[in-house]
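Student: One-letter residues, chain by chain:
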Amino acid sequence: MATEIKAKLTFPGGVHPPEYKEITEDCAIEVMPAPRQLAVLLGQHIGAICKPMVARRDKVRAGQVVGDSDAFVSAPLHSPVSGTVKEIALQSHPVLGRAPAVLIETDIQAEAGKQPCPDRFNKDFDERQYSCEKICESARRGGLAGMGGAGFPTRVKIEPNPRLPKHLLIINGCECEPFITCDYRLMLEWTWQVLAGIRLAARAAQIEQIKIGIEDNKPRAIHAMQQAVDQSGQRGRIEVVPVRTKYPQGGERQLIRSLLGKNVPSGGIPPMIGLCVLNVATCAALAEAVVCDAPLTHRVVTVTGNAIVRPGNYYVPIGAAVADLIDFCGGLTERAAKVVLGGPMMGFAIADLSTPITKTSGALTFLSQEMITRAKYDRRVTPCIRCGRCLTVCPENLNPTKIAHAVKKNRLDLADQYYMSACIECGCCSYICPANIELTGYIKTGKILQARTKKKMPE
Amino acid sequence: MLSKITVSPAPHISKAYSTRGIMLDVIIALSPAVAASVIYFRHHAAIIIAACVLVCVVTEWLCNVIRKKPNSLDDCSAIVTGLILALSLPPAIPVWTAVIGSVFSIAIGKMVFGGLGSNIFNPAMAGRLFLTASFGTLMTTWTVPATIDPGMPVISATETQAVTQATPLAWSKEAIKGKAEVQTVNRQLTASFLGNTGGCLGETSTIALLLGGLYLLLKRTITFHIPAAVLLSAFVCASIGFLLKSEAYISPLLHLTAGGMLLCAFFIATDPVTAPLSRKGKWIFGAGVGAVTMLIRMVGEYPEGVMFAVFLMNAATPLIDRFCKLKPAGGVPHG
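From first to last, the protein sequence lines are chains A and B.
0 is the number of the first residue of the first sequence in numbering that gives the first Met the number 0; add one for each residue after it.
0 is the number of the first residue of the second sequence in numbering that gives the first Met the number 0; add one for each residue after it.
Mixed in with the good hints there might be a few duds.
Keeping only pairs whose Cα atoms sit at most 27 Å apart, straight-line, the calculated DSSO-like set for lysine-lysine is [what the hints assert, rightly or not]:
hint: 1; chain 1: A; residue 1: K7; chain 2: A; residue 2: K58
hint: 2; chain 1: B; residue 1: K326; chain 2: A; residue 2: K408
hint: 3; chain 1: B; residue 1: K14; chain 2: A; residue 2: K7
hint: 4; chain 1: A; residue 1: K407; chain 2: B; residue 2: K67
hint: 5; chain 1: A; residue 1: K50; chain 2: A; residue 2: K453
hint: 6; chain 1: B; residue 1: K326; chain 2: A; residue 2: K443
hint: 7; chain 1: B; residue 1: K324; chain 2: A; residue 2: K446
hint: 8; chain 1: A; residue 1: K407; chain 2: B; residue 2: K279
hint: 9; chain 1: A; residue 1: K407; chain 2: B; residue 2: K326
hint: 10; chain 1: A; residue 1: K85; chain 2: A; residue 2: K113
hint: 11; chain 1: A; residue 1: K7; chain 2: B; residue 2: K67
hint: 12; chain 1: A; residue 1: K133; chain 2: A; residue 2: K50
hint: 13; chain 1: A; residue 1: K443; chain 2: B; residue 2: K14
hint: 14; chain 1: A; residue 1: K261; chain 2: B; residue 2: K324
hint: 15; chain 1: A; residue 1: K113; chain 2: A; residue 2: K165
hint: 16; chain 1: B; residue 1: K14; chain 2: A; residue 2: K407
hint: 17; chain 1: B; residue 1: K68; chain 2: A; residue 2: K453
hint: 18; chain 1: B; residue 1: K14; chain 2: A; residue 2: K446
hint: 19; chain 1: B; residue 1: K326; chain 2: B; residue 2: K279
hint: 20; chain 1: A; residue 1: K443; chain 2: A; residue 2: K453
hint: 21; chain 1: A; residue 1: K408; chain 2: B; residue 2: K67
hint: 22; chain 1: B; residue 1: K14; chain 2: A; residue 2: K453
hint: 23; chain 1: B; residue 1: K3; chain 2: A; residue 2: K443
hint: 24; chain 1: B; residue 1: K176; chain 2: A; residue 2: K407
hint: 25; chain 1: B; residue 1: K279; chain 2: A; residue 2: K261
hint: 26; chain 1: B; residue 1: K176; chain 2: A; residue 2: K5
hint: 27; chain 1: B; residue 1: K324; chain 2: A; residue 2: K407
Keep in mind that the hints were calculated from the coordinates and are not lab data.
A quick note: this is a predicted structure, and the numbers were derived from the prediction, not measured.
Chain A with its partners taken away, still in its complex shape (with noise of 0.2 Å):
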């Protein structure tokens, strides 16, 4: 067992809710069989929608594609088993509410579902052996998007751009959302194809420095981490950096914030002043598309809560149903009062179990009524007394209850001055707030309401 680490480094701002890692992380990471149909989402993660590349009744093998984008921002999408395309058709999706998807049928005769390969990795791995090229196309064709939440296409990422030239790549295995905790467990199972990713990325991007930022709840994965940099000779250019434990420290600005005391221009991104960011997660599925070229069809996602039976961390197939999963962990138990497609503090509470997972989805947790505090459950509103906790924990130094209050009111100009655009919504006002006031949420739909007056996103 790793000492205890105390770490230092950290951001103005955040929360600090009760983790509940203990429910899953000891569990090891489990193979789900592929379920008997998938639902494959055209729209997963930030860039352009792809168009479905299958017809209806198409034979589809594991990993070929069924769905593309000439955009330069996009990623292709491959289905993660072989069977039958039964449609097209539209499904429910997390964040668009209805969003079309491939219907694949699985073949059930067909060979067992695809397995994870960290065995391929090991403190030998030298990713010189692949070019600048070679990476980015397998990257670009894998269809590899981040995996951390937001979901941007990795190509972009981590091809170099003249324009914006990187020096530091960061790997983000914080996982502050609390319950996760399936960056933990790639850290600790996954070690080499973490490390050989990493590096991987570092070769596309022409990055010499890199750091690794893990919070410190996670001693054994910092331990870990650490050994494998060591053994495999790179200690002079990875170094593993423990930041405390506070949410949303895993929030790319956040960390940049703690680790290198920077700040990403608001509505900016981490290239702006020189930064490459990308989570474990992602790192180990581009070693898979680069190595195995294998496609990212399959993710490990945290089934915990305390209204499933069996919670834990499970390599699930891209397309599979909430429902699928819930019966492959036994069910839920009676006191089930949310389904939420990803942690607590940024996911989606999600009322249609057929929704697929998507590559972005690292976690389903399902919350009993005690988990949701009592207020917050029966929806006890209260005026805001303006004790302006919310502006002490916001990472971002913004106004929530300004920004929240103006647009209540319908007021977006007035929302518009106190920077509602610089939001990050990882929801600390809401979560902070005595009233229970649903700032974030009405951050949120400000947000979405002043996009469409900009009429850049159809009603």
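Please build the complex by placing chain B on the supplied structure of chain A, with the hints as guidance.
Tutor: Using the frame of chain A, we list chain B on its own:
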């Protein structure tokens, strides 16, 4: 089973701390001051505090009934208003006066603005200001604490023999006018610290208020900004006077312990509804309260200025908020 599943915007967990919790914390923090007032002013204190709290609660309930609004009593803010108003009244005040003050505090000070969270001025201070304007003599009639004289006689404003029977601030005014020795007034520091002196019900005992303030700070119900700003700025202002002319102005420490300074610093100025949102704003607000209080105490006509200072700075709060608008950590976004 499915029918029980709910959806809502993220986050799906929240800190188990409500407005009611904040108010209950304030009530707990006020309890040492309540206890001290009962020790020093016996039944006077008990009756006035009970009357104020009761009338505040009933008034809020009535206002909600008249406005056909849902009951808002369970946030306990009416109790806090009643307590603070009672603690800032003189011991000898007739109960009917306290009742009028309580009705004004809640009905005009809070409910006409739309209830908790919408009021511009601190409701308790609005009530007290109304009483001061309407019943000036009653509001400046002080009583000898029961611990000094169990008969609790009224202190005459003109009698100047028994120093221990006056309020420290009244004496400070006398000293400024040259009618009293500054040294004798300064000797009241210990009495003022314990509360064994004349003054408003809950304002006399420094130690009880400090205990309550400490509790609020430790529970993080309030942040240190406003109390620190109020006390610092008052201390600085009082020190300037003291250093310039120590034969006329009493010791800054006595200014901090006497009158409503501590009740204001920890319980009145920190009322979140009427104070600025940002830390910078809180510093400015607190500094303003401290400075205006000291101006009134040292230059103005009234011996005590806390109430006016809080009222004035409450009015300035929207302006302070506008000037202290937070800038995003990543700089102002474009477009």
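Student: Confirm or reject each hint.
Tutor: For each hint, the structure was consulted:
1. A:K7 to A:K58: Violated - the C-alpha atoms of K58 of chain A and K7 of chain A are around 55 Å apart, more than 27 Å.
2. B:K326 to A:K408: Roughly 22 Å between the alpha carbons, so the hint for K326 of chain B and K408 of chain A holds.
3. B:K14 to A:K7: Holds, because 24 Å separates the two Cα atoms, which is no more than 27 Å.
4. A:K407 to B:K67: Judged against 27 Å, a Cα distance of about 23 Å means the pair holds.
5. A:K50 to A:K453: Distance of about 25 Å is within 27 Å: holds.
6. B:K326 to A:K443: Holds, at about 19 Å.
7. B:K324 to A:K446: 20 Å, holds
8. A:K407 to B:K279: 26 Å, holds
9. A:K407 to B:K326: Judged against 27 Å, a Cα distance of about 21 Å means the pair holds.
10. A:K85 to A:K113: 21 Å, holds
11. A:K7 to B:K67: With a Cα-Cα distance of about 53 Å, the restraint between K7 of chain A and K67 of chain B is violated, given a limit of 27 Å.
12. A:K133 to A:K50: Answer holds: K133 of chain A to K50 of chain A is near 25 Å, not above 27 Å.
13. A:K443 to B:K14: Roughly 20 Å between the alpha carbons, so the hint for K443 of chain A and K14 of chain B holds.
14. A:K261 to B:K324: 22 Å, holds
15. A:K113 to A:K165: 35 Å, violated
16. B:K14 to A:K407: Measuring from Cα to Cα gives roughly 23 Å; hence the hint holds.
17. B:K68 to A:K453: 38 Å, violated
18. B:K14 to A:K446: 25 Å, holds
19. B:K326 to B:K279: 12 Å, holds
20. A:K443 to A:K453: 15 Å, holds
21. A:K408 to B:K67: The given pair, whose Cα atoms are some 22 Å apart, holds under the 27 Å limit.
22. B:K14 to A:K453: Violated, at about 36 Å.
23. B:K3 to A:K443: Holds - the C-alpha atoms of K443 of chain A and K3 of chain B are around 25 Å apart, at most 27 Å.
24. B:K176 to A:K407: 55 Å, violated
25. B:K279 to A:K261: Between K279 of chain B and K261 of chain A the Cα gap is close to 22 Å, so the pair holds against 27 Å.
26. B:K176 to A:K5: 61 Å, violated
27. B:K324 to A:K407: 19 Å, holds
Violated hints for the displayed structure, listed by number in ascending order: 1, 11, 15, 17, 22, 24, 26.
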